[in-house]
Each structure stands twice: as structure tokens, then as C-alpha cells.
Amino acid sequence: MIVIVIGAGEVGYNISDILSKEGNDIIIIDKDEDRLKHVSENLDVQTIVGSGSSPQVLKKAKLSQAEMVVAVTDSDETNIVACLLASAQSTSPFKIARIRNPDLNRDSALFDKSHLNIDLCINPEREAVNDVINLMEYSGASEVIDFSEGRVKLVSFYVDSECSSVGKNLQQIMEIYQYGEDILIASITRDNEPIIPSGKTVIKERDRLFVFAKSENVRNMLKFFGKKEEPSERVFIIGGGNTALMLAELLEKKGVDTIKIIEKRQDRCEMLASRLDRAICLHGDGTSQDLLKEENIQDTDYFIAVTDDEEANILSALLAKQLGAKKTIALVNKASYAHLIPLLGIDGVMNPRRASIGKILHFIRKGKVISATPLGDEKAEAVEFIALETSDITNTPLKDIKFPKGTIIGAITRDDEVIIPGGDSVILPGDHVILVALRSSIPQIEKILTVKLDYFG
Amino acid sequence: MNARNILYILGTLILFLGLTMFFPLFCSLYYGEGDSSAFVYSLLITSCIGALFYFLFRPVNGKISLTHKEGFLIVATGWFLAASFGSLPYMIQGVLPQFGDAFFESISGFTTTGATVITNIGDLPHGILLWRSLTQWLGGMGIIILSIAILPLLGVGGMQLYKAELPSPVKDKITPRVAETARTLWIVYIIISIVEFIMLLTGGMDVFNSICHTFTTMATGGFSTSDASIAHFHSAYIDGIITFFMLVAGINFTLHYSLITGNFKAIFKNSELLLYLGIILTAVIIVTISLKQNSVYEAGGYLRYASFQVVSVLTTTGFTTANFDNWPSLSKIILLVLMFIGGSAGSTGGGMKCLRILLILKHIYKELYGLVHPHAVTAVKLGKKIVYPETMASIWGFFMLYLMMTIVASIILTMLGLDMMTAFSSVVATIGNVGPGFGAVNPSATYSEIPYLGKWVLSFCMLAGRLEIYTVIILFIPEFWKR
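Protein sequence lines correspond, in order, to chains A and B. When you number the first sequence by this note's numbering, it's gap-free, plus one each residue, and the end is 457. When you number the second sequence by this note's numbering, it's gap-free, plus one each residue, and the end is 940.
Everything labelled a hint here was simulated from the structure, so no lab data went into it. Glycine included, every Cβ here is placed at the ideal spot set by N, Cα and C. Errors might be hidden in some of the hints.
What the hints assert, rightly or not - In silico BS3-like pairs for lysine-lysine, Cα to Cα no more than 27 Å straight-line:
{"id": "1", "chain 1": "B", "residue 1": "789", "chain 2": "A", "residue 2": "37"}
{"id": "2", "chain 1": "A", "residue 1": "59", "chain 2": "B", "residue 2": "620"}
{"id": "3", "chain 1": "A", "residue 1": "253", "chain 2": "A", "residue 2": "264"}
Unchecked claim - Covered, in the sense of this in silico footprint (three residues per stretch, anywhere, with C-beta under 8 Å from a C-beta of chain B), are these stretches of chain A:
{"id": "4", "stretch": "15 to 29"}
{"id": "5", "stretch": "35 to 48"}
Hey, can you work out the whole structure from these sequences and the hints?
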């Protein structure tokens with residue numbers, strides 16, 4: 001598949017990296033020659049210097065042969081124009097655009113077939129805000145991913161010293177787990193490397209676990225692993241950008257008691273105050289101790305730093321923690337910081353970049369895949385798909401199916417029923433299957449899922 | 458640096474090289490001239506050592522990624538090893554018993570230079586002759602690029618190797634994947650080779666000679682199967698065909714790709730191609746006139762001899778149909794200058810490459826323009842793209858390095874007792890991968906008279922010239938080896 005990626009920023013770079021390693025031909029367009037140099041030195045892709053909204057440049061990128069256009073520049077308008085040009089010059093490609101402006105996003109009819117004809121619009125901030133809301137619902141988790149309309153959740157958290165399962169292997173853990181059988185440890189990230197565990201894998205402190213559970217069991221599960229339930233009644237938000245606005249609006253809707261937003265710019269504060277009903281807009285610096293103390297930081301349940309400055313987010317989250325905030329979440333995009341966060345004592349990360357990569361990947365996966373999400377350091381991936389009658393995996397006990405190395409079936413949902421499977425479970429046609437696999441084996445899995453389909457189709 | 462990955466790739470390369478020895482082996486079996494055992498031994502030694510490294514250092518999982526440094530190191534040592542193992546047949550067969558001689562012949566093959574130390578080429582067994590030609594053909598488009606095309610293992614790592622081997626200051630890919638680009642280049646190379654093979658056959662050349670000469674023409678190599686080179690065939694048709702294909706091989710292969718894919722615009726707009734053709738046309742006219750005025754060939758055929766020699770020298774092939782050492786001085790100096798210029802970037806030709814000369818001329822013009830209009834904002838442009846000052850700096854650096862190497866090597870050769878013309882022209886002819894020079898290394902002589910140490914100096918020049926100096930010289934910079 002030929003994929004044209006417009007914009008070589010963090011999202012464009014990472015999408016290209018993943019897709020190129022999966023065997024797609026990638027052509028990256030960007031105006032910035034230096035950035036492209038960095039890309040071509042690290043990825044096996046073709047680079048073209050130029051504007052993604054220029055017809056000549058797109059023609060040079062062999063738009064007519066491309067099957068997909070991913071427009072992820074910083075400018076919404078460039079992205080839209082690039083997708084429009086793609087529609088005009090070629091009939092086939094899927095078009096994905098990153099649209100940040102919340103005003104544009106609200107009017108989703110604009111993007112349908114008869115108007116702009118963009119197949120997928122991503123708003124990284126919105127995706128990330130949804131993640132944060134999920135995190136707040138399940139305190140103690142550092143990431144919560146929904147599957148099957150939220151009935152199955154893949155919850156990730158760091159094992160700390162309070163956890164009673166440190167030093168035990170998975171089999172022992174399942175024996176002492178008092179809430180029934182329906183959880184499944186799908187992946188462990190240790191020292192930045194994903195491990196797909198077996199019954200003999202021993203849990204260590206500071207491991208990051210990825211656990212499948214039915215949504216109603218998530219709280220019990222977290223309690224078992226030593227994560228206390230915390231209220232989320234008082235929330236502090238640092239930074240007053242679109243992300244903060246979106247977050248505050250959602251929190252207001254959910255009925256959170258106290259929301260305080262700290263923003264540096266006066267005019268932005270006024271705008272926020274006019275858009276929000278109950279939230280308190282404070283004009284000041286989020287890293288100022290005096291201001292935080294004045295506003296009773298010690299009583300805060302959640303402190304969420306979402307300014308444009310990632311380093312400042314981390315530092316202010318640390319400061320808040322030290323001043324007594326119970327839980328802290330920082331917006332951090334840089335992948336290289338990701339594994340630092342738990343070491344620092346920050347409870348959660350909001351990562352718009354990863355959120356959008358997950359959304360795009362989900363869209364790109366072939367066959368009957370419903371959703372795909374990168375896990376942890378993005379070396380593993382969770383995939384939800386519908387089992388086809390023609391596929392090899394149906395009607396056979398799981399233990400007899402030959403999956404690629406490092407694959408684990410995390411959950412099966414059948415109509416209203418959710419099954420956390422064991423070796424004897426059988427997948428029936430039409431089931432939603434959720435699995436976790438190392439990224440390197442994703443193409444093989446795709447093949448297993450689709451091979452027979454192609455045969456008949 | 459990851460020694461494991463480096464050894465693995467080198468091992469694969471050697472293994473692969475060993476397998477190519479099957480071709481001369483079959484040829485020697487067919488002709489039955491007693492050189493088969495030499496190839497059996499060479500093949501076994503080469504492939505076994507290669508296979509040993511291959512299996513010992515096979516990567517545990519996934520693709521290999523390489524750093525710039527590793528890329529340079531692999532390419533430079535890869536070529537050195539290829540030439541070393543490639544010299545085995547010459548030594549075992551006893552054609553050139555001394556390693557220095559055999560290595561010279563081998564590296565002259567792989568770097569497509571075409572300088573030989575063998576005096577009676579016509580007496581060689583067919584297997585050895587085919588091996589000489591085959592080394593040139595493999596080296597022409599690049600052994601590393603060939604292995605990138607065939608080995609699926611090299612992902613991004615392939616790009617580092619590609620960049621370190623491709624003879625061009627501008628290293629663009631024509632397809633998104635480096636392996637695909639390498640494959641495309643090789644396919645174009647093979648297609649044109651097949652066309653030439655058929656054309657030579659129709660000209661009355663036998664199959665064996667057609668294969669050998671196709672190999673050495675397309676690689677702009679210059680090894681022939683007789684001492685008299687192409688003059689041996691006494692055929693204006695063959696002269697013409699070979700002139701044409703030398704010309705073609707000296708053009709950037711991405712342009713041939715454009716031609717095959719029907720993108721004619723790219724060809725007419727290419728300023729390097731215009732310069733290349735312009736240089737040839739001018740040189741042919743000057744040399745023809747100069748020959749005619751001195752009545753070198755009373756029987757006529759000035760244009761034929763002039764064009765063959767000019768194209769052969771500019772594309773750095775080194776075939777000859779006349780001993781240009783006996784030509785008038787004007788013709789000789791023109792040919793010497795052509796040796797410096799060389800073929801187009803991205804072709805199989807050597808030398809400094811027309812593209813660099815073009816950009817240097819444009820840069821000089823830009824400087825002069827800036828003197829006339831001190832406030833003018835100007836840039837060196839290639840087509841519609843700006844050539845950035847860093848690229849220009851690297852080209853000037855290359856230019857200076859090239860000249861410095863020529864001077865230093867010439868001085869060393871004169872210290873070894875060679876006369877000035879022989880020393881200088883042999884260095885120019887080897888660093889430019891041309892082959893024959895002037896004086897004692899003129900087209901009808903060989904390099905066998907060069908002192909033993911001198912052969913090593915020239916071998917080094919050939920390797921440095923083929924890998925565009927930087928890739929080789931960088932290994933001698935202490936900074937390269939610092940952790």
C-alpha cells in the first residue's frame with residue numbers, strides 16, 4: 001500500500017515509522033527540509049520537500065497510486081486542502097486529516113462524502129481528553145482503553161510496593177485473586193520492553209501491567225493490585241488552551257464539584273470564563289506556589305497540567321504533588337519522556353500524539369478490525385476485531401490455534417456476554433475478539449484474520 | 458559500533474560474492490582449459506568464510522539498523538574484502554601469483570577501472586577472462602547496492618549503505634523503499650546490458666566476447682579479452698555500438714529509469730545531461746581537428762577514433778581503439794582533463810562527475826554575479842531546486858580532496874622512480890577509474906612495470922575513487938574511531 005503522509009511532525013513521523021515497518025511504501029511531504037532529513041535518516045521512506053496543499057507536490061508524490069492520505073500538519077487548513085486535492089486528483093484514497101479547531105470539529109457534517117469527503121478527522125486533544133476522563137474514573141490506573149463500546153477495558157498501571165502480588169507469578173496471582181476469574185494480564189512492560197507473559201512470569205515492582213477486565217470489575221481489580229479508590233471532586237487544570245476548555249466542559253457535564261483553571265493570559269481567561277459555567281478561571285502562573293496554596297492545592301483530588309510546554313507540565317505536576325495534590329496528570333507528547341513519568345511520581349500521562357496515532361492505526365488496520373491501540377512504548381498493540389466464519393481461528397479451542405509468538409487473546413465479547421478466555425475457550429463467528437500482540441507480529445495476525453476472506457472474496 | 462551487525466553484513470556480502478564464482482566455474486568447465494580447480498577452490502574458500510560469518514553473526518530478531526559510521530565502515534571494508542577474495546582465482550590459477558598483483562587486478566575490476574597488470578590477456582583461459590569482466594559488472598552498479606536489492610534484512614540500515622556507495626553528491630531515492638530503489642537501478646542496468654549483448658551479437662562478435670564486453674561496457678570498466686582492447690575486432694560497427702553504450706552507461710541511471718517509465722520531460726530538463734553531452738561533443742570536435750591537422754591516421758576515420766577515445770575516457774571506461782599516447786599534445790591534454798571530469802552522477806562512471814563540475818561552475822558564476830550586484834540575493838540552483846550551501850561546501854571539499862589525493866599519490870609514485878607523466882597520469886587514471894593513462898601506462902602497455910609498492914598506492918586510489926573519496930578517507934580520521 002502506498003501511503004502519503006503530509007507533515008513530518010511527531011504524529012506524521014510515528015505513523016510513517018509504524019506503517020513503513022509493516023511493509024507499506026510511505027512518502028512523506030513536509031516544508032521543512034531539516035525535519036525531512038531527520039526522517040530520511042531514520043526511516044525507510046521517500047521524502048518530498050514542499051507544501052502538502054500544492055497540487056504539483058502531491059502529483060510528484062504519486063497521489064494517483066496512493067491508497068491513503070494522512071494529513072497531519074499543524075495547520076487544519078492545509079490538512080483540509082490536502083484532502084480536497086486528494087479527492088480531486090484521485091478517486092481511491094482514504095483520507096485522514098488532523099483537525100484541531102474545536103469549532104470545525106463540531107460541524108462533522110462538513111466532512112462527509114458530499115462536502116469535504118474526509119474519511120476520518122482526528123482531534124488529538126479530544127482523544128486525549130477522553131483518555132483523561134477515563135483515568136479519573138478509575139483512579140490508580142495510568143491508562144484505560146475501551147473495547148467493545150466500553151464493556152471491556154484494558155487497564156494499565158504501575159506495580160508499586162503496596163501491591164501484594166510483587167514477587168508472585170501469574171498463576172499464584174490468579175489463585176489468590178478473590179473477585180473471581182475474569183481478569184487477564186495481557187502484557188507487562190519492564191525496562192521499556194514489552195513482555196507477553198505466561199503463567200510463570202513473576203511480577204516485579206515498577207512493572208507496568210496491562211490487564212483486561214470487564215468494566216464492572218475494573219475497580220475491584222485495581223483494589224486487588226493495591227490501588228486505592230480516590231474521589232475526583234476537586235480538579236485543578238493548568239493551562240487554558242483548547243484542551244483545557246474541552247476537559248473543563250466535559251468535567252462540568254459529569255458534575256465534578258470544583259474545577260479551577262489557571263491560565264497566564266488575561267484575555268484567554270476571560271474567554272474561558274465566558275464559555276464555562278461553574279469552573280473558576282484564575283489568572284496567574286501554574287507554577288507559582290503562592291497561587292496554588294492560596295487556592296487550596298492540598299485538598300485537590302486531581303491536578304492536570306495541559307499547557308503547551310511539556311517540561312513545565314511535568315514540573316508543575318511535581319510541584320503540585322509536593323504541595324499535597326492527590327493525583328497528578330501531565331500532558332506529555334515526547335515519547336522519550338514516557339518511561340520517566342512513573343519514576344517521577346506523576347500518576348498519569350495525557351498524550352494527544354499517541355491518542356491520534358492510535359486512532360489512525362485503528363482506521364488503517366485491514367479486515368474487520370474495529371480498533372487498535374498502541375500500548376506503553378508502542379512496541380505492542382491491542383487489536384479488536386470481529387471473528388469471521390471463514391477465518392482459521394473460529395470453532396477451535398484457543399490452545400490449539402497457532403498464533404504468532406507474543407500474542408495473547410484478552411477478551412471475547414459475544415452479544416451481551418463478555419468472556420475473559422482461557423485455553424479451552426472457543427471463538428465463534430461474529431464474536432468480537434480483543435488481543436494483545438507485539439507490533440512485529442501484527443502483519444502475521446492481519447494475515448490470519450483476513451487470509452480466508454481474501455480467498456473467498 | 459555494533460560489530461555483530463557489521464560482521465554479519467560483511468559475511469553475507471562475501472558469501473554472495475563466492476556464489477557469483479559459479480559463473481566463471483561453469484565457463485571454465487565448458488571450455489576445459491584447466492582453470493576449473495582454481496574456481497572451485499576460490500568458490501569454496503570465499504563462500505565458506507562468508508557462510509561462517511553469516512551464521513555466526515545472524516541477527517537474533519528483525520531488521521538491522523545501522524549508523525552512518527557503520528555504513529561507511531561496511532562499504533569501505535566490504536569493497537576491500539570483495540577485492541581480496543576476488544583475487545583468489547588469479548593467485549590460485551597462477552596468472553598473478555603475488556597477492557599485490559592479484560589484488561590490483563581484482564580491485565581494478567571491482568572499481569571498474571580497467572587497469573591491468575596482465576601482459577598476455579589473449580592467452581588467459583576463458584574462465585579467468587569471464588571473472589575479470591564479471592567483477593567489473595558487479596562493481597559497476599555496486600556490490601553493496603546489489604546486496605541491498607537482494608537482502609530483505611536491511612531496512613533503514615540499507616539507506617546508510619546506499620548513501621555510502623552511490624557515486625553521486627545528491628542521494629535521492631526514486632522509490633519509497635531503499636531496497637526497491639536498489640532493485641530498480643539493477644533492473645535498469647540489466648535491461649540495458651541485455652540490449653547491448655544482443656547488439657554486439659548482431660555485429661558478429663561471438664557469445665563469449667559479447668558477454669564479457671557487455672559486462673565491461675555497462676560498468677564503464679574497460680577490461681577486454683585481448684591486449685589490443687576493442688581494436689582487436691577491426692569493426693566500425695562494434696566501435697559504434699560500444700561507443701553508444703559507454704555513453705549510455707555514463708548517464709545517471711535514474712534518468713534511464715525515467716525514460717523507461719515514459720517520463721521524457723525529466724530527461725530534456727536535466728542540466729547535467731546537457732553538460733555531459735556538451736563536453737563530449739566539444740571534446741570530439743577538438744580531438745578530431747587536432748588529429749586531422751597532424752594527419753595521424755592517413756587512412757582516415759578521424760571521427761571514429763576521436764569519438765571512441767573521447768567517450769571511453771570521459772565515461773572512465775578505458776577501452777581503446779588507438780594508442781592515444783602517440784596523439785598530438787592538444788588531444789592528450791583534452792583526454793587528461795576528461796579523466797578528471799568523469800561520467801554523470803549516479804552512473805557507473807568514475808571521475809569527479811559532471812554534476813559536481815556543473816555545480817562548481819554555477820557556484821563560481823554566482824560568486825562573480827555577486828561581485829557585480831553586491832546586494833543581489835542569489836542561490837545555486839539545480840533545475841528548480843536550490844542547492845544548499847552545505848551541499849556546495851561538501852562538493853568543494855570533495856574537489857579539493859580529489860586534487861590533493863592525486864597530487865600526493867603522484868609524488869609518492871615519482872619517489873618510487875617513475876617519470877612524471879607516468880606517475881601523474883597513472884594516478885589520474887586510477888583515481889578516476891579510467892584505466893589506461895600516458896607514458897609507461899599507455900593503452901598498449903600495462904601496469905605491470907609499476908613498482909610493487911606503487912601498485913598498492915594505485916589500488917588505494919582506485920578504491921577511494923570508486924567510493925568517492927569520503928567513504929574511504931573517513932576511516933583514517935581519528936575522530937571516526939572515537940567512541
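Given the hinted pair residue 253 of chain A and residue 264 of chain A, is their alpha-carbon gap at most 27 Å?
holds (25 Å)
Quick one: see if chain B covers the stretch 15 to 29 of chain A, three-plus residues with Cβ-Cβ under 8 Å.
Per the Cβ count (5), the hint holds.
Regarding the pair residue 59 of chain A and residue 620 of chain B, is the alpha-carbon distance no greater than 27 Å?
holds (26 Å)
Stated coverage of the stretch 35 to 48 of chain A by chain B [criterion: 3+ residues, CB within 8 Å]
Held - the stretch 35 to 48 of chain A has 7 residues with a Cβ nearer than 8 Å to chain B, which meets the minimum of three.
Does the structure keep residue 789 of chain B and residue 37 of chain A at a Cα separation of 27 Å or less?
Since the Cα atoms of residue 789 of chain B and residue 37 of chain A sit roughly 43 Å apart, the hinted pair is violated (cutoff 27 Å).
Of the numbered hints given earlier, the model fails hint 1 alone.
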